[in-house]
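Novice: In case you want the letters, here they are:
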Amino acid sequence: MKNIAKKIYLTLIFLLLYAPIATLIVLSFNNTKTRSKWGGFTGKWYLSLFHNQDIMNALYTTLIIALLSALIATVLGTAAAIGMQAMKSKIRTFLLGITNIPMLNADIVTGISLMLLFIAWRFTLGFSTILLAHITFNIPYVILSVLPKLKQTNKNIYEAALDLGASPVYAFYKVVFPDILPGVFSGFLLAFTMSLDDFVITHFTKGPGIDTLSTKIYSEVRKGIKPEMYALSTILFLTVLLLLILVNFTPDTQKEDKKKSRKITHIHKISSLIFKKAVPALMVIVITAGGIFYHSRNQMSTQNQVIVYNWGEYLDPDAVSMFEKETGIDVVYEEYETNEIMYPKVQSGAIAYDVVCPSDYMVQRMIENDLLAEINYNNIPNLEYIGDIYMEQSKQFDPENKYSIPYLWGTVGILYNKSMVDEPVDSWGILWDEKYEDNILMQDSVRDAFGVALKYLGYSLNSTDLDELEAAKKLLIAQKPLVQAYVIDQVRDKMIGNEAALGVIYSGEALYCQMENPDLEYVIPKEGSNLWIDSWVIPENARHKENAEKFINFLCRPDIAKMNFDYITYSIPNTAGRELIEDESVRNSTIAFPDPSQLTNCETFQFLGDENDTLYNQLWREVKSQ
Amino acid sequence: MSNKLIDIQDITKSYDGTIVLDKLNLYIRENEFLTLLGPSGCGKTTLLRILGGFETPDSGNIIFDGKNINQLPPNRRQLNTVFQKYALFSHMSIAENIAFGLKIKKKSKAYIQDKIRYALKLVNLEGYEERFADSLSGGQQQRIAIARAIVNEPKVLLLDEPLGALDLKLRQDMQYELIRLKNELGITFIYVTHDQEEALTMSDTIVVMNQGYIQQIGTPEDIYNEPQNAFVADFIGDSNILPATMVQDKVVKMLGSVWKCVDVGFGRGTPVDAVIRPEDIDLVKPEEGTIEGVVTHLIFKGVHYEMEVLANNYELLVHSTDMVPVGTEVGIKVDPFDIQIMKKPESEDEEAVGIEE
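Sequence order for the protein chains is B and X. Heads up: the first sequence at position 428 corresponds to 428 in my numbering, and the numbers run straight through without jumps. Basically my numbering = 1-based index in the second sequence + 1000.
Hints listed in this document are in silico derivations from the structure and should not be mistaken for laboratory results. Wrong hints could be hidden among the right ones.
Listed below are the simulated DSS-like cross-link pairs for lysine-lysine, each with C-alpha atoms no more than 27 Å apart in a straight line [claimed, not checked]:
id, chain 1, residue 1, chain 2, residue 2
1, B, Lys151, X, Lys1085
2, X, Lys1085, B, Lys155
3, B, Lys174, X, Lys1109
4, B, Lys155, X, Lys1105
5, X, Lys1155, B, Lys155
6, X, Lys1182, X, Lys1169
7, X, Lys1155, X, Lys1085
8, X, Lys1085, B, Lys88
9, B, Lys174, X, Lys1105
10, B, Lys174, X, Lys1169
11, X, Lys1155, X, Lys1107
12, X, Lys1085, B, Lys174
13, B, Lys155, X, Lys1103
14, B, Lys418, B, Lys395
15, X, Lys1115, B, Lys174
16, B, Lys174, X, Lys1103
17, X, Lys1107, B, Lys151
18, X, Lys1106, B, Lys155
19, B, Lys174, X, Lys1106
Not the full set, but computed from the structure, chain X residues with beta-carbon under 10 Å of chain B [unchecked claim]:
id, residue
20, Phe1054
21, Val1082
22, Phe1083
23, Gln1084
24, Phe1089
25, Met1092
26, Ala1095
On a predicted model such as this, the values are computed, not experimentally measured, just so you know. Yeah, the Cβ is synthetic: ideal placement off N, Cα and C, and Gly gets one too.
Excised from the complex, chain X in its bound form (with noise of 0.2 Å):
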């Protein structure tokens, strides 16, 4: 892809002697959407106020188009941020809302007012110039935020859980909307979530954090199918996370059973994690499978059925279109792709520990 646009370097920020992020790195490109994702109270608030400069880290330092921006105050960032509540201004009305980093810029009435119907458009809210925060919808003020921040042509838009406050559909909607605006703008965004579905959704890549350390760094395709440590394995999706210990490179033991896998180079009869997603566990007849099971539960999710499957005293977590009633007896068959050796941490540290570079 193209260079890197921030670089945010050994960034360390702590609060009354609470480490929230320690010698945290990281780079984000042109034109990137990249997501912080982690539990609330993992630092990626933190880090993109660091961004904006609503904050000052203690130490380390935040590289912009190849200056070093650690003093610059916020109205003179090339960075604009969304705000979780949305912080229109309600005595203005939309069009004052949009034209007020414009006007702070000197900007001409013609251009303010092109900007405002662009920016409209853009948020398809056409029309809604005159009306004033208070009387729209959440989405709809979320959506003026946006547009607020977008006709002053930032390099980058911060995102603070822009959609943290939607109903569920409203938040699908602005997902496609945020891809299709970031698509046509061209701009960076730094995304901030705890929505693992909204991350994997929208992002080029996303960053998982968790307790200041990232954890992991990946498409979102790689940080589904192959997280790197167990809380990445839990925090993305439902996962079974079993233990288990390599009998050599491509071959694993687990579930009182061998099985074949497709890891190498963890060192024979190690011990270790492997992560099985549950709709890579094929229920198929008893003779069939690997091992057997029974099924215990059943649930009707919508998309496909949950169950919850006995084998070897473990409980195993299977989502399948297809149902299989409680107490059927069932072999349980997983494609060799599909299982995903982690390394076991040592010491609950080590867990939190991040991945450098």
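Just chain B, same shape as in the assembly (with noise of 0.2 Å):
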């Protein structure tokens, strides 16, 4: 009875930690992109996965700097336990006790002061700074491995070698180091594992262009999760567990069992020929190719390069391809989720990016800050094919249109279900009306909640008159009673799946959900509401500025607006690309570009400065809490 209860409790153990790592496997080798359905057991993902340029080129740089930083640990990491090893017990605890401490403080304290010491010491972000980060962490587990060895260590089979002749050299390499090999061996596969594993580090510590697997993975997952990420992460599940594996079985030499002896000894020269012979072999290969790549690519891209800082999945792969083959200029790409990450890496100036896609407010308050180059337009003559009514729009945040030029723009505005509310929708006023009690989706971002009411209020969005923000916040109190919830991305679902009448949504999603469900019409309200405008901009400190203004210039054109339109969906403010849309509804379609006379009454977001915007947040507090 015990022991029945014992092995089902196991069973739930296991299953809850292994649950979610079979759920990835078996996906990874599902045939559907959904992840709701079974069709079927296939491995295209791993091979689509292996055709991905960009993961084979982050596949690469994972091994390479996973390999140095955990060999030069290694050595390090073996140098200090030796040494720690030679001094009195009480300099020991002390020392160890520092060097457990960077393993136990929280990996983006540890990444965040790295970072700020490289741009203190004026490194440029990328290759040796991952590789300097790892080595970094990778140490204490090389000393913590290696350490219990050492002790264990009959002293005097060192002194015995200096005893038959031995230099100091000499009986270390011969004596003392294969009998802590095993320690050094598990700690260099714990550094290499460490290493494989890191991403809050590397990613803070990472330059323009270069990812490895877990910052890869993270940015592409941020996009949408693809079927190949499952493949992947289920590759580096494998190799993560495997490594583990040799780590924790790596034979311990000091086993008095007789009997086994042979066995071990047995073990322990397979494992010195893996060390000896297969790990500094496959160094070898890798550091050498590794080299060989990484010098090739430097050696074309240092003088002539862009570095983009853009928005993930806010470009088409294919524009960058034709820009570099058409200009012969090397585009070095990186990606950020939000203007708030995207801000203080270019204010640090630790990279210098060329190009830089922020949000309205955020290029005002770079503006603000001086952190822009003023654009020359001269140089960009494609600017003729962007819409006046944009550069107008524009002007909210970039008064003279001296720094940016618009990308993508898009509105918010109200979803309905046609099925379900049968009366004209023109005005933010519904979401108030008691018909559509419990029916009402709304946004649950601040900004965007406080617009909505102070739009309907007929005031502006970036109201920061406490009276007015009063009379808003009444308004969203009077209001909740109404709403079935306050959500971001389910708006597009619960829509979708006919789960509510009204919504609060971004017109890039309402695109999406009237092609799922045609019932669905969005409306931008005659009182106006958010336009946003995502824009090209140039960092004060970019290095290729021409080049910055030659790649903005190729965006601007009408057929490249075109194909980053159907890669992304977004609205263009390119008027000539919009005419190359193939078909008609969509290249007609309201949502995407609606007419100039129902912007009229829309503004831009601004940067209202950190005092209002904990107001914002205190009043929005005081809503939800109500």
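From these two lone chains plus the hints, build me the complex, please.
Specialist: The structure is reproduced here in structure tokens:
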């Protein structure tokens, strides 16, 4: 009875532990793209994974970094452990404590402090900084696995070797090193695994155009999880698993059991064979190849390149290759998730980006902080294809149209279900209609929610007037009983699934919803709304300003703008580009391309300053807690 | 005997302010089996490590074969050490272990092969070339350690309690083995132990040490039969140490009676210690003894009986092959040669003072 309970308990624990990974592995062999359906067994995701140049590059970088950092950390860590072993035990304990701290320290703290240090030393973030960071956090793991081995080692064997005529160095390599080899080996493997695993520290210390598998997966996943990522994650998991098994089964030479000794010696021989032959050979190959690879890449790219820092999934990769082919300029491409992540990276100056794509309010903030260079419009003849209205709208954050060129834009409006709402919708007011109690979805974000209320009241959505904000707050509180949920991404799914009648949504999403569910209609209320614009800017410290302008000019070309629209489905400000869209219903979609008259009351968000940010957040908390 | 091979001059060594060796002087002759004997902490291992080159003396000189080797690192000394815990290289085969020193000296393959075979034969472990240390018993490992040391043809072999970890039977076998080896090799052995029996069995010369000082140097017989102070007497075998007074030369008063002895030169009326080995006390009929006593304890020890005899308020330890039952009244007789008279220490410090040669 007790035994059965034990087994059930164990099974449950293992299920909990491994169910997610099992799911991942199963999905990586699923023939359909959806997560909910099993479409038969396939290996195609693995194949397409290996055909993806970006991922292969990332894999390569990961391996090189892991190998190099583990190797260097092993050498440094072993030397440190030997030094520490020779010290008095008090000092040793103290030092061990110190070396353990980085291991226990939150990765994000380590990552940020390393980044700050590199910036302070004026290092350019890139391959070398990732390598340095990885060596740094790997050393403690090596020390931790070598030191116990050293303690176990019979102190006399070193002296015995000296006694027999060996020089100290010879004695160390011939006698002490083989004895601590299992510890060194497992330290190396542990370091290798840790390096392979690391995301956070790499994320903070990497530069443009370089990705390890983990940062690559992260940026890919952000764009929507592709099945290739399941395959990649599966491979990564299995690799780490294999390494951990190796670490744990590294034979212990100090076993007393004499019967096993022959076997141990045997395993020992194998492990030392692996360590002495296979590992170094592999390292030499990878490092040499890596050296050649990076050398050639550096040579071709140092001079003629452009470093682009863009939102994830915000540019058709084919367009990039076209640009490279046409101009011979090498594009180093890096992505970010939010304006707030991009801003400090540009501000720190650690990486000299040439082209960045911030949103409206962030453009304003960057101008105010002197982070942007004026764009020479003579170099961008294709500017003529950008609609005047967008240049006009841009003046809200770039008053003289000197720093930014609109790239993509959109609006916020109401998505409604025609089968549930039979009256015409043209005002935010319908979101306060009691008829639709529990059928309304609001955006769960402070600026979007207040934007709706402020606009409905006839105020600016950039209002900082306390009375106006108070009124908006009261309005939002009054609306609360009618609201089914405050959500962000689920607006899309819920509306498609006919779970609500009305929802506040971004136009880009609305277009997608309409394709999935023809009953849905999108409207920009007559009171006006938020019109957001993401624009290309050139940072002050850009090193390839002319290339940056060539790049922007290229993106303003109608055919390229159209390519990007097809890829991203966000509205393009490129009037000529819009004309090239084949599908008439899309070309004339009022969601993607609303009539200019609909935009007259629309505003872009502006950066309101830290104090007002706090005020907004406080009011929003009051709404939510009512 | 032959010449001085090693001359240890005024060696002082201290750790963290604690003096371990204090101005120690000692010489070792060629082809001698010399044992450093003493309780743990007496400085014997430190002295051995200084000879091996693993410790540097604070002051004093080590003269080896006429040359000062104070600054010579261990790998360049013509000595080899056999460590207490064998210190075999566990990742090498026995043959590789033995060849270690020879390979460093760049000897030819054939020479090394010969030497390995010779050394294994010498320690009675022929055919063990391809074995690994962890498949051998403690005694076998120790013999390999010795083999590894002697193939280098050292002038001196230092042995640091090499039999300490072995069981009794094996230890006794190894003692004979070591004596045989020493005789076959004809080299000097310096042997460290705290086991007095080991020391007595094997040594040509025993150096008894305590608290960093040499207490007595002599042949096993000297040390056993004529301990020069109470420490040596107590440390070497069992003994009865009795307070006594010299009546005159060759006459001593102890246990309330007057005894004949052979010692002279202590002066009349001088308080001294008298040492009598338990096996030197003869139990006779009460009327035949110098004094009388009663047997109070009796234990069978195998080779002999161990008895305690109460005489004149002193418990005397007696070893005898004849059993005398508890309660028997006996007479006590001691041959004058078997009474060893020692100077009484005047203070505790003096007890530890070294004897200069």
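Novice: Checking one constraint from the list: CA of Lys1107/X to CA of Lys151/B, max 27 Å. Satisfied?
Specialist: violated, 34 Å
Novice: Holds or violated: the hint that Phe1054/X contacts chain B, with Cβ atoms closer than 10 Å.
Specialist: Interface hint status for Phe1054/X: holds (5 Å vs cutoff 10 Å).
Novice: Check the hint pairing Lys1085/X with Lys155/B against an upper bound of 27 Å on the C-alpha distance.
Specialist: holds, 10 Å
Novice: The hint names Val1082/X as touching chain B; please verify it with the least Cβ-Cβ distance against 10 Å.
Specialist: At about 9 Å, which falls below the 10 Å cut-off, the nearest Cβ of chain B leaves the hint on Val1082/X intact, so it holds.
Novice: Between Lys1182/X and Lys1169/X, does the CA-CA distance stay at or below 27 Å?
Specialist: holds, 20 Å
Novice: Regarding the pair Lys418/B and Lys395/B, is the alpha-carbon distance no greater than 27 Å?
Specialist: Outside the cut-off at roughly 36 Å; violated.
Novice: Under 10 Å, Cβ to Cβ, is where Phe1083/X needs to be relative to chain B, so tell me if that hint holds or is violated.
Specialist: holds, 4 Å
Novice: Check the hint pairing Lys1085/X with Lys174/B against an upper bound of 27 Å on the C-alpha distance.
Specialist: holds, 19 Å
Novice: Run the distance test for Lys174/B versus Lys1103/X: straight-line Cα separation, threshold 27 Å.
Specialist: It holds: about 12 Å lies between the C-alpha atoms, which stays within 27 Å.
Novice: Please verify whether Lys174/B and Lys1109/X have alpha carbons no more than 27 Å apart.
Specialist: holds, 19 Å
Novice: Going straight from one Cα to the other, do Lys174/B and Lys1169/X come out at no more than 27 Å?
Specialist: violated, 35 Å
Novice: Should the interface hint for Ala1095/X be scored as holding, given a Cβ-Cβ cut-off of 10 Å against chain B?
Specialist: violated, 14 Å
Of the numbered hints listed earlier, those contradicted by the structure are 10, 14, 17 and 26.
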